[in-house]
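Just so you know, the protein sequences line up as chains E and W, in that order. Per my numbering: the first sequence = residues 1 to 307. Per my numbering: the second sequence = residues 1 to 307.
Careful, some of the hints might be misleading.
Only pairs whose alpha carbons sit at most 25 Å apart, straight line, appear in this in silico SDA-like list of lysine to any residue [stated by the list, open to error]:
1) E:141 - E:294
2) E:299 - W:14
3) W:274 - E:112
4) E:84 - W:242
5) E:274 - W:14
6) E:299 - W:48
7) W:274 - E:80
8) W:299 - E:18
9) E:274 - W:216
10) E:299 - W:18
11) W:299 - E:108
12) W:274 - E:55
13) E:274 - W:110
14) W:241 - E:109
15) E:276 - W:47
16) W:276 - E:46
17) E:274 - E:264
18) E:141 - W:85
19) E:299 - W:111
20) W:179 - W:107
21) E:141 - W:110
22) E:85 - W:274
23) E:299 - E:56
24) W:241 - E:108
25) E:224 - E:2
26) E:274 - W:107
27) W:299 - E:16
28) W:85 - E:273
Please keep in mind that the hints were generated in silico from the structure rather than gathered at the bench.
Number of protein chains: 2
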Amino acid sequence: MTFSVTVLGSSASIPAYGRFPSSQVVNHNEHLFLVDCGEGTQIRLSQYGFRRGRIHHIFISHLHGDHFFGLMGILTTMSLLGRKKPLHLYSQSQIMEVIRVQLEVAQSRLLFEVILHPLDEVRQEVVYENEVLEVVVIPLKHRVPCWGFLFREKRLSRRFLAEKAEQHRIPFRMISRLKAGEDYVTPSGEVIKSSEVTADPPVPRSYAYISDSAYDEDLVPRIKGVDLLYHEATFDEANRKRAEQTFHSTAKDAARIASLAEAKQLLIGHYSAKFKSLDGLLTEAQEVFPNTLLAMDGKVYEVGTGQ
Amino acid sequence: MTFSVTVLGSSASIPAYGRFPSSQVVNHNEHLFLVDCGEGTQIRLSQYGFRRGRIHHIFISHLHGDHFFGLMGILTTMSLLGRKKPLHLYSQSQIMEVIRVQLEVAQSRLLFEVILHPLDEVRQEVVYENEVLEVVVIPLKHRVPCWGFLFREKRLSRRFLAEKAEQHRIPFRMISRLKAGEDYVTPSGEVIKSSEVTADPPVPRSYAYISDSAYDEDLVPRIKGVDLLYHEATFDEANRKRAEQTFHSTAKDAARIASLAEAKQLLIGHYSAKFKSLDGLLTEAQEVFPNTLLAMDGKVYEVGTGQ
Numbered sequence: 001m002t003f004s005v006t007v008l009g010s011s012a013s014i015p016a017y018g019r020f021p022s023s024q025v026v027n028h029n030e031h032l033f034l035v036d037c038g039e040g041t042q043i044r045l046s047q048y049g050f051r052r053g054r055i056h057h058i059f060i061s062h063l064h065g066d067h068f069f070g071l072m073g074i075l076t077t078m079s080l081l082g083r084k085k086p087l088h089l090y091s092q093s094q095i096m097e098v099i100r101v102q103l104e105v106a107q108s109r110l111l112f113e114v115i116l117h118p119l120d121e122v123r124q125e126v127v128y129e130n131e132v133l134e135v136v137v138i139p140l141k142h143r144v145p146c147w148g149f150l151f152r153e154k155r156l157s158r159r160f161l162a163e164k165a166e167q168h169r170i171p172f173r174m175i176s177r178l179k180a181g182e183d184y185v186t187p188s189g190e191v192i193k194s195s196e197v198t199a200d201p202p203v204p205r206s207y208a209y210i211s212d213s214a215y216d217e218d219l220v221p222r223i224k225g226v227d228l229l230y231h232e233a234t235f236d237e238a239n240r241k242r243a244e245q246t247f248h249s250t251a252k253d254a255a256r257i258a259s260l261a262e263a264k265q266l267l268i269g270h271y272s273a274k275f276k277s278l279d280g281l282l283t284e285a286q287e288v289f290p291n292t293l294l295a296m297d298g299k300v301y302e303v304g305t306g307q
Numbered sequence: 001m002t003f004s005v006t007v008l009g010s011s012a013s014i015p016a017y018g019r020f021p022s023s024q025v026v027n028h029n030e031h032l033f034l035v036d037c038g039e040g041t042q043i044r045l046s047q048y049g050f051r052r053g054r055i056h057h058i059f060i061s062h063l064h065g066d067h068f069f070g071l072m073g074i075l076t077t078m079s080l081l082g083r084k085k086p087l088h089l090y091s092q093s094q095i096m097e098v099i100r101v102q103l104e105v106a107q108s109r110l111l112f113e114v115i116l117h118p119l120d121e122v123r124q125e126v127v128y129e130n131e132v133l134e135v136v137v138i139p140l141k142h143r144v145p146c147w148g149f150l151f152r153e154k155r156l157s158r159r160f161l162a163e164k165a166e167q168h169r170i171p172f173r174m175i176s177r178l179k180a181g182e183d184y185v186t187p188s189g190e191v192i193k194s195s196e197v198t199a200d201p202p203v204p205r206s207y208a209y210i211s212d213s214a215y216d217e218d219l220v221p222r223i224k225g226v227d228l229l230y231h232e233a234t235f236d237e238a239n240r241k242r243a244e245q246t247f248h249s250t251a252k253d254a255a256r257i258a259s260l261a262e263a264k265q266l267l268i269g270h271y272s273a274k275f276k277s278l279d280g281l282l283t284e285a286q287e288v289f290p291n292t293l294l295a296m297d298g299k300v301y302e303v304g305t306g307q
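Here chain E stands alone, though its shape is the one from the complex (with noise of 0.2 Å):
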């Protein structure tokens, strides 16, 4: 099951050296999740070859302009292809007078519904969920609220594995109850394991998006054991001042979460412009937690590979 991120935008605010502001595609399934949406993000969903109608789900961490500045591109774009189908938002509800407004002035409106799910008001909970995922919401601790999302497989019952039932003859009604664990006792009173004809289901997999955040060791029992930990990385260690004065993170205190956390992997992204080369952020972070990767526009990432 196809679990990735596709990273459209890796830079802070003040996009630089080709580096879009913030946003990701969550490929789960061939589900896809659109999470943050700065300026451009429809120019590259084109660019990296996205359809924009598998979109129908938008998470937005916080309404800083580099988070969101690209929505009103993508919303007018899915009106003008036609698009009919409702799209969930998940964002401060003020998003939408944002929305609202941007359509007055242009005398328009969009085809189709947009649904909101406001975060306003939400700790930590799920938000999203379908038979194999859910998406749980972090608050982060930002200069304005700001939610971070946890996308989590579910726990599935264990595979069945056919031909091997086949070999003992085991009757259809009892292929619940064997997932679930129960052994089967035949007819001849030979008991046939649970763990004779299923198999232990796929470890679940897991992925963190930690947008703007100060370093904030409430995080970590929020994400404990991640597969793959997206956390903002905003500074290094000579503007470890600048970063806390701006609630944002260096590229160490990125990997100390990831450390406490006991992530198996960790992206680090939202650039500033200050740095045209990544390698000293990258260092940083490798010096604390050393499974750490770059966030670079148009590369993916597995999630639950941990390479």
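Knowing the structure of chain E, use the given hints to seat chain W on it.
Relative to chain E, chain W alone:
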């Protein structure tokens, strides 16, 4: 004196094939004027090497998103970069509400003043001028209030030829009168003709930006003899009906206006996402007006060379 147009975006409403939405930089005598400001304009500026701090005047033709969704990004970035100088914005006044709401949700403010020059009631008048250039607003025929912009050099007085004047020992106080065409009679009665010690001034050049517009012959007298005419050409002849329905032009429409206006050169742009190749649009325009060029993102067009 430099007079050029750099196309930052040549796409109509749905950006496609690497083309960004509408935006141009007009460089006159190293003064930069930003004309329209589609999504990604600040990214293009940086990509094409324009310092954002050099822009003090932004013209917005109308409030369809593909012409202004990039404005907030630029304003925010200018502020983050510490801009203090006021910025002049020529637009329908509702744009200020768009700015206000987006600053409000971000709990943010700009460090500089945005001075609005409202176009709402403007019919055809000079909205900007300096010693050598003026910008005239031209009302356009579109679905919403829409304006074009004519960048027109002023007619300068004759150029004074200092070396020749010295040979004739012409007193300083006569310079401006000679430049104005008056002859000079020396104390000994010799007549020094104005044309002897002055040269013709440069021929004033002009650039017209005709943003979204239906075919409209009312434009012709307003842009008569323009050196370079940018005219939108969203569609080809096969999509003429669609052009008419949406108050857009075909490439042939643009060429007809160029021809009637006796423009020296035509630049077409604002291409529908229907067109991957632009060859067909160019051919159709050139059948009517041979000296037609395609607007391409990143390309610089000189005004007045007529090539």
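A quick look at each hint next to the structure:
no.: 1; hint: E:141 - E:294; verdict: holds (22 Å)
no.: 2; hint: E:299 - W:14; verdict: holds (24 Å)
no.: 3; hint: W:274 - E:112; verdict: holds (22 Å)
no.: 4; hint: E:84 - W:242; verdict: holds (21 Å)
no.: 5; hint: E:274 - W:14; verdict: violated (32 Å)
no.: 6; hint: E:299 - W:48; verdict: holds (24 Å)
no.: 7; hint: W:274 - E:80; verdict: holds (12 Å)
no.: 8; hint: W:299 - E:18; verdict: holds (18 Å)
no.: 9; hint: E:274 - W:216; verdict: violated (48 Å)
no.: 10; hint: E:299 - W:18; verdict: holds (18 Å)
no.: 11; hint: W:299 - E:108; verdict: violated (32 Å)
no.: 12; hint: W:274 - E:55; verdict: holds (21 Å)
no.: 13; hint: E:274 - W:110; verdict: holds (21 Å)
no.: 14; hint: W:241 - E:109; verdict: holds (22 Å)
no.: 15; hint: E:276 - W:47; verdict: holds (14 Å)
no.: 16; hint: W:276 - E:46; verdict: holds (13 Å)
no.: 17; hint: E:274 - E:264; verdict: violated (29 Å)
no.: 18; hint: E:141 - W:85; verdict: violated (33 Å)
no.: 19; hint: E:299 - W:111; verdict: violated (35 Å)
no.: 20; hint: W:179 - W:107; verdict: violated (57 Å)
no.: 21; hint: E:141 - W:110; verdict: holds (23 Å)
no.: 22; hint: E:85 - W:274; verdict: holds (23 Å)
no.: 23; hint: E:299 - E:56; verdict: holds (22 Å)
no.: 24; hint: W:241 - E:108; verdict: holds (21 Å)
no.: 25; hint: E:224 - E:2; verdict: holds (22 Å)
no.: 26; hint: E:274 - W:107; verdict: holds (24 Å)
no.: 27; hint: W:299 - E:16; verdict: holds (20 Å)
no.: 28; hint: W:85 - E:273; verdict: holds (22 Å)
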